[in-house]
Amino acid sequence: MIELKAIGKTYGKRNKQRVVLAQVNLKIEAGEFVAVTGPSGSGKTTLLCIMGALLQPTSGEVYMDGQRVDSGLTENERASIRSEKIGFVFQFPALIPTLTVMENVLLPITLAGKALDDGGSWARQLLAQVGLSDREDSLPGTLSGGEQRRVAIARALIRRPKVLLADEPTGALDLDTGNKLMELLQNLCREAGLTLVVVTHDPTVASKANREVKLLGINQEYKQTI
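Positions 0 to 225 (numbering that gives the first Met the number 0) are the ones given, in order, by the sequence shown.
Because the hints were derived from the structure by calculation, they are not lab data.
For each residue, glycine too, the CB sits at the ideal point set by N, CA and C.
Some hints here could point you the wrong way.
Result set (DSS-like, lysine-lysine): computed pairs, CA atoms no more than 27 Å apart in a straight line [as the list claims (entries may be wrong)]:
no., residue 1, residue 2
1, 4, 213
2, 26, 207
3, 26, 4
4, 113, 161
5, 84, 12
6, 26, 84
7, 207, 179
8, 84, 213
9, 179, 113
10, 207, 84
11, 15, 84
12, 179, 161
13, 213, 179
14, 15, 161
15, 26, 113
16, 84, 113
17, 179, 4
18, 15, 4
19, 207, 4
20, 26, 161
21, 4, 84
Here are the simulated distance ranges between beta carbons [claimed, not checked]:
no., residue 1, residue 2, range
22, 123, 14, 21 to 31 Å
23, 132, 58, 39 to 49 Å
24, 186, 18, 33 to 43 Å
Kindly generate the complete structure, drawing on both the sequences and the hints.
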């Protein structure tokens with residue numbers, strides 16, 4: 000599903016370069032739940048963005064469904080892959096405050112210029128699955144932090160992606176809300192057969208994964224826990 004080969008990422012020029020990732024090799028199978036952990040600054044979010052074709056590596060190769068996505072494609076082609084195959088959930092939901100919950104969920108379809116083949120029934124089904132059927136006409140400012148995250152999950156799933164990439168999805172949430180959110184995320188991905196990759200500092204979240212990948216330091220040694 001996702002394969003990273005000898006991934007490296009540096010910032011800066013020549014003698015002022017900062018190495019963020021070096022020689023990272025990772026293969027993630029379809030339907031797998033992988034947690035990426037490590038100290039702050041170890042490159043977790045950078046790795047997630049490279050997986051999602053949001054950021055190009057300095058060296059190495061990135062494959063999704065057997066297709067190389069880090070080179071040989073135009074930016075429009077990469078954007079098409081992101082739009083069609085990948086859903087993103089970030090720590091901050093980034094909902095549009097002037098749009099309703101339903102409009103926010105449908106935003107990826109709207110931005111892609113696609114028509115609603117089902118009259119919005121899939122969006123309503125997603126809102127039902129995240130427990131927000133009664134809030135589809137509400138504005139984001141009237142929702143709690145946990146509710147906003149759930150809207151973001153529904154939005155990430157609206158185009159039926161194959162992969163869901165989540166960066167600290169439980170960050171800044173209380174323990175109970177965070178646990179419920181992760182349970183929801185896992186159930187949705189399991190039911191849809193999605194590949195789930197979560198960046199987290201939370202050992203409780205990591206313990207729920209099929210596999211944990213730890214980025215350990217500036218030289219980017221890493222280990223995997225089954």
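Taking the hints in turn, this is what the structure says about them:
no.: 1; hint: 4 x 213; verdict: holds, 16 Å
no.: 2; hint: 26 x 207; verdict: holds, 19 Å
no.: 3; hint: 26 x 4; verdict: holds, 8 Å
no.: 4; hint: 113 x 161; verdict: holds, 19 Å
no.: 5; hint: 84 x 12; verdict: violated, 33 Å
no.: 6; hint: 26 x 84; verdict: holds, 17 Å
no.: 7; hint: 207 x 179; verdict: holds, 12 Å
no.: 8; hint: 84 x 213; verdict: holds, 25 Å
no.: 9; hint: 179 x 113; verdict: violated, 32 Å
no.: 10; hint: 207 x 84; verdict: holds, 24 Å
no.: 11; hint: 15 x 84; verdict: violated, 36 Å
no.: 12; hint: 179 x 161; verdict: holds, 23 Å
no.: 13; hint: 213 x 179; verdict: holds, 24 Å
no.: 14; hint: 15 x 161; verdict: violated, 38 Å
no.: 15; hint: 26 x 113; verdict: violated, 32 Å
no.: 16; hint: 84 x 113; verdict: holds, 15 Å
no.: 17; hint: 179 x 4; verdict: violated, 34 Å
no.: 18; hint: 15 x 4; verdict: holds, 25 Å
no.: 19; hint: 207 x 4; verdict: holds, 26 Å
no.: 20; hint: 26 x 161; verdict: holds, 15 Å
no.: 21; hint: 4 x 84; verdict: holds, 20 Å
no.: 22; hint: 123 x 14: 21 to 31 Å; verdict: violated, 56 Å
no.: 23; hint: 132 x 58: 39 to 49 Å; verdict: holds, 47 Å
no.: 24; hint: 186 x 18: 33 to 43 Å; verdict: holds, 38 Å
Comparing the model with each earlier hint shows violations of hints 5, 9, 11, 14, 15, 17, 22; every other hint is respected.
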